[in-house]
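Based on the provided sequences and hints, a complete structural model is requested.
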Amino acid sequence: MKLSAQTKVLALLFSAGLFAGCSTTGENMDEGGYGSDVAPIDQDGGSTVYGGGDQDGISSSSMTESERMEAQQQAEQEALRDITTFYFDFDTSEIKPEARDVLVAHARFLSNNPGQKVRLEGHGDERGSKEYNLALGERRANAVQRFLIVNGASRGQMETVSYGEEKPAVMGSSESAWAQNRRVELVFQ
Amino acid sequence: MMRKVSFRSFQALFSAVALMFLVVTGAQAELLIRVTEGADSAIPISVVPFAENGNMPAGDKVSSIVQADLAMSGEFRPLSPQKMLSLPSKRADVYFRDWRLLGQRYVLVGELTRNGDRVEARYELFDVNREERILGETAAAPASNMRSLAHHISDKVYEAITGVEGAFSTKLAYVTLDRAGGNARYRLQVSDIDGKRARIRLESKEPILSPAWSPDGKKLAYVSFETGKPVIFVHELGSGKRKKVADFPGLNSAPAWSADGQSLLMTLSKDGNAEIYQMNLQSRKVTKLTNHWAIDTEATWDSSGEGVYFTSDRSGGPQIYYMAKPGAEPRRITFGSRYNARPRPDASGNYVYYVHQRDRAFTIARTNLKNDEETVLTRTGSDESPSVSPNGRMLIYATKQSGESVLTVISADGGAAYSLPASEGDVRDPAWGPIVR
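Protein sequences appear in the order of chains A and B.
Note that our numbering numbers the first sequence so that position 19 is 19, with each residue one more than the last.
In our numbering, each residue carries its 1-based index in the second sequence increased by 189.
The hints are simulated quantities; they were obtained by calculation from the structure and are not laboratory data.
One or more hints might be untrue.
[To be verified] Estimated spans, in silico, between C-beta atoms of each pair:
no., chain 1, residue 1, chain 2, residue 2, range
1, A, G172, B, M245, 46 to 54 Å
2, A, S154, B, S504, 31 to 39 Å
3, B, R626, A, P97, 53 to 61 Å
4, A, A179, B, A373, 47 to 55 Å
5, A, K167, B, R322, 52 to 60 Å
6, B, H481, A, T64, 49 to 57 Å
7, A, I149, B, K432, 32 to 40 Å
8, B, R549, A, S66, 49 to 57 Å
9, A, G156, B, D436, 14 to 22 Å
[Unchecked claim] Straight-line C-alpha distance at most 20 Å; calculated SDA-like pairs for lysine to any residue:
no., chain 1, residue 1, chain 2, residue 2
10, B, K589, A, W178
11, B, K407, B, R626
12, B, K459, A, G156
13, B, K272, B, A247
14, B, K418, A, R119
[Claimed, not checked] Counterexamples of contact, computed for chain B against chain A with all Cβ distances above 12 Å:
no., residue
15, R336
16, I397
17, P438
18, P444
19, N469
20, H545
21, D561
22, G603
Remember, it's a predicted structure, so these values are computed and weren't measured experimentally.
Quick reminder that beta carbons are idealized off the backbone N, C-alpha and C, glycines included.
Right, dumping it as structure tokens:
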């Protein structure tokens, strides 16, 4: 699950749209709107990843356009997959719209890596009754599981468990603590 | 002291092999007791300090424990012994006129006699207005067990005056959570109803919840996460032996005993979502009692042992439902707000108690089953896990006080009585044990 340093460099470069600098064809450079110089990297705050002349890991000079698109998509997906906690409204198990792209990225990753296992841990906030919250946490984990299956993951890669209100992420009895505790966590194994 | 030492060495032994949980029988720091309010209608009673013949064991006096028991019920207002004009220990010395002047309705007198390793109590209860003895008894207990003797006397006094069986000799089960040092320690404990004589029955790094007493008071069923998921265990308190009774895929939770102790209601999600099942504890065979896409959980038998109350969100949010017999078409009981859960009927069949959302607060409410009238009993705001005393007169629930989870006991009509904070950490999930005969 941890991204390698190389992939991270790649991800940042691609997401900044600067991969064009590595291309050998002038056309693409023009389309990208950048010159062949590496200077824009610094201008975009990319200096921490631009370590010098030897660009280990980004020597994809012979990439085709479709390969680049694919690589960019992959990088974006990896960045999305850094998010592994999904939040819910009170007494609901509905997946929020903003969680969908991230969950799709996880589903694709699971689909591409059939050996990968993930544990879906459902939780609730402290309000209401414990046993009902235990069932609600399970329903949240099941909702995420179904979404992942529909998007390509297989059931055998996943197990679900609910902790109800027993394992809050944040202590306290505020709206903000409750909001952070109503969640499903993906734990990759 | 011996117990404490052996507990520590036991703990050291097991932590060395890094076990996930421990079954322990050691002593534990007791819950504190904080009597908050008495009801205005509380009955004035004088518990006169008992006379003593021979050496008495160290510790709280029997009459002090009786006085504290009656006070914490919320139904009595005991007179402080400093205000008494005399300290009689037998009828001949009771001057009713004095007690009337002090506004007392009842006077309890008695004496304790040491007899080898036992202590015998002879006690009498008088009705001040009628100048009559309404109770007289002798009872004995080992000298090491003065608290049991005192609770027994409290039960008899309570019954003689109210006509309702006392529940001072019953036990509480609950779960404490200690997060000291960054390591969560869940401890299933059993204590007297005043929080005294607490003993740890199970310790785990993972959550323990929903303890439920067997009708004979000899076993607890509960949910433990010690294997990484919710699993139901049945634990024999006498021997410390326990059995994993439900470990199906998904939830195994909310155990509730049948009156004959032969089966458990439980929530399982092995077929996809939370449904209520009945498990025969002999054959381990399970029968499905509900079948709905919604959450069905928190089942419990009604007072007759024929019908089942449970929580379901089939109407959109959690509400209380009732099946007249297992598997019958459920009927909705609660309508007063959008969140009502965790039903607990009393033994009389008159009331059902539950967690009730009122505006933004989670409170404990009850519905009178005869006229469907709903009464909100608490106002603390984050209340859960109600459990009714076996005589139906008191209710214990979990709530928050200055950020800590505590247990609070109230009279069943809502007059505040007392709270039981843990000496450190949180205490939750109370279950009031049965009257053991």
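Do the hints match the structure? See the list:
no. : hint                        : result
1   : A:G172 x B:M245: 46 to 54 Å : 48 Å, holds
2   : A:S154 x B:S504: 31 to 39 Å : 35 Å, holds
3   : B:R626 x A:P97: 53 to 61 Å  : 60 Å, holds
4   : A:A179 x B:A373: 47 to 55 Å : 22 Å, violated
5   : A:K167 x B:R322: 52 to 60 Å : 57 Å, holds
6   : B:H481 x A:T64: 49 to 57 Å  : 55 Å, holds
7   : A:I149 x B:K432: 32 to 40 Å : 35 Å, holds
8   : B:R549 x A:S66: 49 to 57 Å  : 54 Å, holds
9   : A:G156 x B:D436: 14 to 22 Å : 20 Å, holds
10  : B:K589 x A:W178             : 15 Å, holds
11  : B:K407 x B:R626             : 12 Å, holds
12  : B:K459 x A:G156             : 16 Å, holds
13  : B:K272 x B:A247             : 25 Å, violated
14  : B:K418 x A:R119             : 11 Å, holds
15  : R336                        : 30 Å, holds
16  : I397                        : 9 Å, violated
17  : P438                        : 9 Å, violated
18  : P444                        : 10 Å, violated
19  : N469                        : 22 Å, holds
20  : H545                        : 10 Å, violated
21  : D561                        : 21 Å, holds
22  : G603                        : 19 Å, holds
The earlier numbered hints that this structure contradicts are 4, 13, 16, 17, 18 and 20.
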